[in-house]
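> Going down the list, the sequences are from chains A and B.
Residue numbers for the first sequence follow full-length UniProt numbering, beginning at 1 and rising by one.
Residue numbers for the second sequence follow full-length UniProt numbering, beginning at 1 and rising by one.
No lab work stands behind these hints: they were computed from the structure.
Check the hints yourself; a few may be wrong.
Straight-line Cα separation of at most 27 Å, DSS-like style, residue types lysine-lysine; simulated pairs [to be verified]: (1) K54/A to K230/B; (2) K17/A to K94/B; (3) K98/B to K201/A; (4) K98/B to K21/A; (5) K98/B to K198/A; (6) K21/A to K287/B; (7) K51/A to K287/B; (8) K542/B to K230/B; (9) K511/B to K198/A; (10) K236/A to K511/B; (11) K515/B to K53/A.
Cβ-Cβ distance ranges computed for the label pairs, FRET-style [stated by the list, open to error]: (12) H24/A to G172/B: 51 to 61 Å; (13) G357/B to T170/A: 55 to 65 Å; (14) G514/B to E58/A: 31 to 41 Å; (15) D23/A to G514/B: 22 to 32 Å.
The beta carbon of each residue, even a glycine, is placed where N, CA and C say it ideally should be.
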Amino acid sequence: MSRVLVGVKRVIDYAVKIRVKPDHSGVVTDGVKHSMNPFCEIAVEEAVKLKEKKLIKEVVAVSCGPTQVTETIRTALAMGCDRGIHVEVSGKDYEAMGPLQISKIFAALAKKEEASLIILGKQAIDDDCNQTGQMTAALLDWPQGTFASEVTIDGEKVKVVREIDGGLETIKISMPAVLTADLRLNTPRYATLPNIMKAKKKKIANMKPADLGVDMVSRVEVLRVDEPPTRLAGVKVETVDDLVAKLRANGTI
Amino acid sequence: MENSASGTCTSTALHVETELLVCSDASHNITLHNLPQGQRPTMGSAGCWLYRQLPTPFQPGVEMERFADEADVVIVGGGPAGLSAAIRLKQLAKEQEKELRVCLVEKASQIGAHTLSGACLEPSALNELFPDWKERGAPLNTPVTEDLFSILTEKHRIPVPMLPGLPMNNHGNYIVRLGHFVHWLGEQAEELGVEIYPGYAAAEVLFHEDGSVKGIATNDVGIAKDGSPKDVFERGMELHAKVTLFGEGCHGHLAKQLYRQFNLRENCEPQTYAIGLKELWVIDEKKWRPGRVEHSVGWPLNRNTYGGSFLYHLNEGEPLVALGFVVGLDYTNPYLSPFREFQRWKHHPFVAKTLEGGTRIAYGARALNEGGYQCLPKVTFPGGMLIGCSPGFMNVPKIKGTHTAMKSGMLAAEAIFPKVTAEDPASETAGLHIPEYEDNLKKSWIWKELYAVRNIRPSFHNYFGLYGGMVYTGVFYWILRGKEPWTLKHAGLDSAQLKPAKECTPIEYPKPDGKLSFDLLSSVALSGTNHEGDQPPHLTLKDDSIPVANNLAIYDGPEQRFCPAGVYEYVPLETGEGMRLQINAQNCVHCKTCDIKDPSQNINWVVPEGSGGPAYNGL
Chain A
1 MSRVLVGVKR VIDYAVKIRV KPDHSGVVTD GVKHSMNPFC EIAVEEAVKL
51 KEKKLIKEVV AVSCGPTQVT ETIRTALAMG CDRGIHVEVS GKDYEAMGPL
101 QISKIFAALA KKEEASLIIL GKQAIDDDCN QTGQMTAALL DWPQGTFASE
151 VTIDGEKVKV VREIDGGLET IKISMPAVLT ADLRLNTPRY ATLPNIMKAK
201 KKKIANMKPA DLGVDMVSRV EVLRVDEPPT RLAGVKVETV DDLVAKLRAN
251 GTI
Chain B
1 MENSASGTCT STALHVETEL LVCSDASHNI TLHNLPQGQR PTMGSAGCWL
51 YRQLPTPFQP GVEMERFADE ADVVIVGGGP AGLSAAIRLK QLAKEQEKEL
101 RVCLVEKASQ IGAHTLSGAC LEPSALNELF PDWKERGAPL NTPVTEDLFS
151 ILTEKHRIPV PMLPGLPMNN HGNYIVRLGH FVHWLGEQAE ELGVEIYPGY
201 AAAEVLFHED GSVKGIATND VGIAKDGSPK DVFERGMELH AKVTLFGEGC
251 HGHLAKQLYR QFNLRENCEP QTYAIGLKEL WVIDEKKWRP GRVEHSVGWP
301 LNRNTYGGSF LYHLNEGEPL VALGFVVGLD YTNPYLSPFR EFQRWKHHPF
351 VAKTLEGGTR IAYGARALNE GGYQCLPKVT FPGGMLIGCS PGFMNVPKIK
401 GTHTAMKSGM LAAEAIFPKV TAEDPASETA GLHIPEYEDN LKKSWIWKEL
451 YAVRNIRPSF HNYFGLYGGM VYTGVFYWIL RGKEPWTLKH AGLDSAQLKP
501 AKECTPIEYP KPDGKLSFDL LSSVALSGTN HEGDQPPHLT LKDDSIPVAN
551 NLAIYDGPEQ RFCPAGVYEY VPLETGEGMR LQINAQNCVH CKTCDIKDPS
601 QNINWVVPEG SGGPAYNGL
């Protein structure tokens, strides 16, 4: 039976109002409420469900970042993962960290842990890249089932129903494989207090990217971060003629 | 029946009044999932929740047993009082080389996320708790350098000299972002070995057979809006303790229950409150005066409405100011909107000149205590005690409650420690009753302070209102230090003070200009508040016909105006004439004002699923 790696990312909570730093180098993160990326929660839930169905043996939660990400790994453990791996990345490396570096880390870990499945969220809500799953599969030369809304394991193969623009696409891929979770794959369970208490006893291994032979140098340089332009208030008009006149006046027609 | 060691536990017979959970959807279909056998449902015509069942009754096919765990002390609430108590307990345990398991539950997703205060911290309690707080990196970065007090009129400002000895004098104090301070306290507590569980709300008090408090249970999760269990339904967990400390802050929902259960308020006046609204602004550097404290009274409130403003210049790198407005909840005009008073106060020339060119980055609101000495309840009962702003140790004229809250937590810890570590606690009840806490409070500086200022707030209840109060303060406090032999009474329950709408004039508030003043909904968005949408609304009504029949008919729906988060709206019925109350529970910022000020006392705030609520960052 197999081992699954699940990636979890610590992101700014979706309900928080984002503020750009005064020096425009990024967004303010100090003291801001963070939580597990919603798609990662779905990925964890899927992995734990597979384990409960006895289709896989062990679920390992992985997160990359500074010390605070151990809280996110702890939540994944409370949801049912067996152990965690914290890949320590901090400072400038952490700010510049992107899908390329993460996928290299996952590829290295997959080989080290002899994983047969990697389940990730389809994208993170802070950068919306939607690249890590695909890059990881490419680096490993594994098949990928992305935007999964249904996953069924059938022997050494995985049937994945994917949400695509035109509707739903069903594919069958061989393991080992990379899957990325979409919204409708499942409803994640709560990390309840007794499980958080039990999770404190589960192991989280600590390592650095260098231990995995991964270099964190980024090929991307962020020049500037700005807020989107403020949306101007709309104007109510009384009649169609008014509407046409206004559209003419501001050059739209 | 239960196991005394940790393990599963079936619900015991409870002495708490249980309230019935019923609801109806828009087509008046009643869902019966949560009704005990033999109970007739009562129809909620507005589709409102009637009230929430505590505990969730037996349901066929759903796992109803609760996991239970034992600690020596359980603390509800991760604020200054709760954390100080936890820290003090662990300090004593370390000193005396004893083992002590202390668990703290906090409904916010992280410690400090529900904390909101001005704040000018008097470091007296902190100096006692951590004499080396500076080396430990406590975020007290802004000593007060300037202290201004003004009486505002519509266009002008009358300065009032801040003489030493006046309660509001801030010499020696620090302007802090209390949320950050509380977060730091949380880190110190964890270092000492306190088990802190943010994101878990204490929803229910548990009792032993003999009626003493046994501990608390966290809320059940995964209940859908209609009351049925979802796939992810799981029962909350029980935390049992020898003694449970309740530090829920102002107007705690479990404290409300405890007052009734143990008759703790029979010898004191009902608590009176105010609502405080606050914003954080990044201002133009040229206008920034780090260390400056400004307070005002007067405009825009009339002389008979208690309240005032604060504006503090922080010194933490950025040109940040913390500002806000407090309105006493004993106001009489139902047309008054504390939020809109706050917004229009910012347009006063003296205030506007600081804010012009600045950007607002945070918003929040919270109720605070104003009752002081006259309103202190009994604070100990078998199995537990109340600490902090929950019983209410705020020094109102000083407008400081953090130092007394911390001290009360420390005194509680000192009274508890010998009892919980004793071989034989010699207690009459299963949950320990420790009246020494109350004795220690009465001997401490908290009591002296509160006694000295006890008559200042009630002195506002005279014809001259604000001005009478200020004269009284000048004579009796500044000169006589509160030694007068009489104790003035407050006016009674805040909820009983509203006059019917027809006897009052609506207030014309200016429209927000989007630069200095803002509308309610964009303000609520800045609080970062959110709740899981598919859960029963946590603002429950005891009778859902009362809002329209009473609140709207007589008082023109004051909840639409006093709620700082836009939770309550009277909207026209889809079918035909009439209005209904719409409760937007997701907006709630947990300020508790509705539970306090509702003239029908029909709204009952219960705690929603843990980690819901505002996401304040250093408020």
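> Indicate, hint by hint, whether the structure satisfies it.
Evaluation of the provided hints:
no. : hint                         : verdict
1   : K54/A to K230/B              : holds, 23 Å
2   : K17/A to K94/B               : violated, 42 Å
3   : K98/B to K201/A              : holds, 23 Å
4   : K98/B to K21/A               : violated, 47 Å
5   : K98/B to K198/A              : holds, 24 Å
6   : K21/A to K287/B              : holds, 20 Å
7   : K51/A to K287/B              : violated, 60 Å
8   : K542/B to K230/B             : holds, 25 Å
9   : K511/B to K198/A             : violated, 53 Å
10  : K236/A to K511/B             : holds, 18 Å
11  : K515/B to K53/A              : violated, 57 Å
12  : H24/A to G172/B: 51 to 61 Å  : violated, 39 Å
13  : G357/B to T170/A: 55 to 65 Å : holds, 58 Å
14  : G514/B to E58/A: 31 to 41 Å  : violated, 55 Å
15  : D23/A to G514/B: 22 to 32 Å  : holds, 26 Å
Of the numbered hints given earlier, the model fails hints 2, 4, 7, 9, 11, 12, 14; all others are met.
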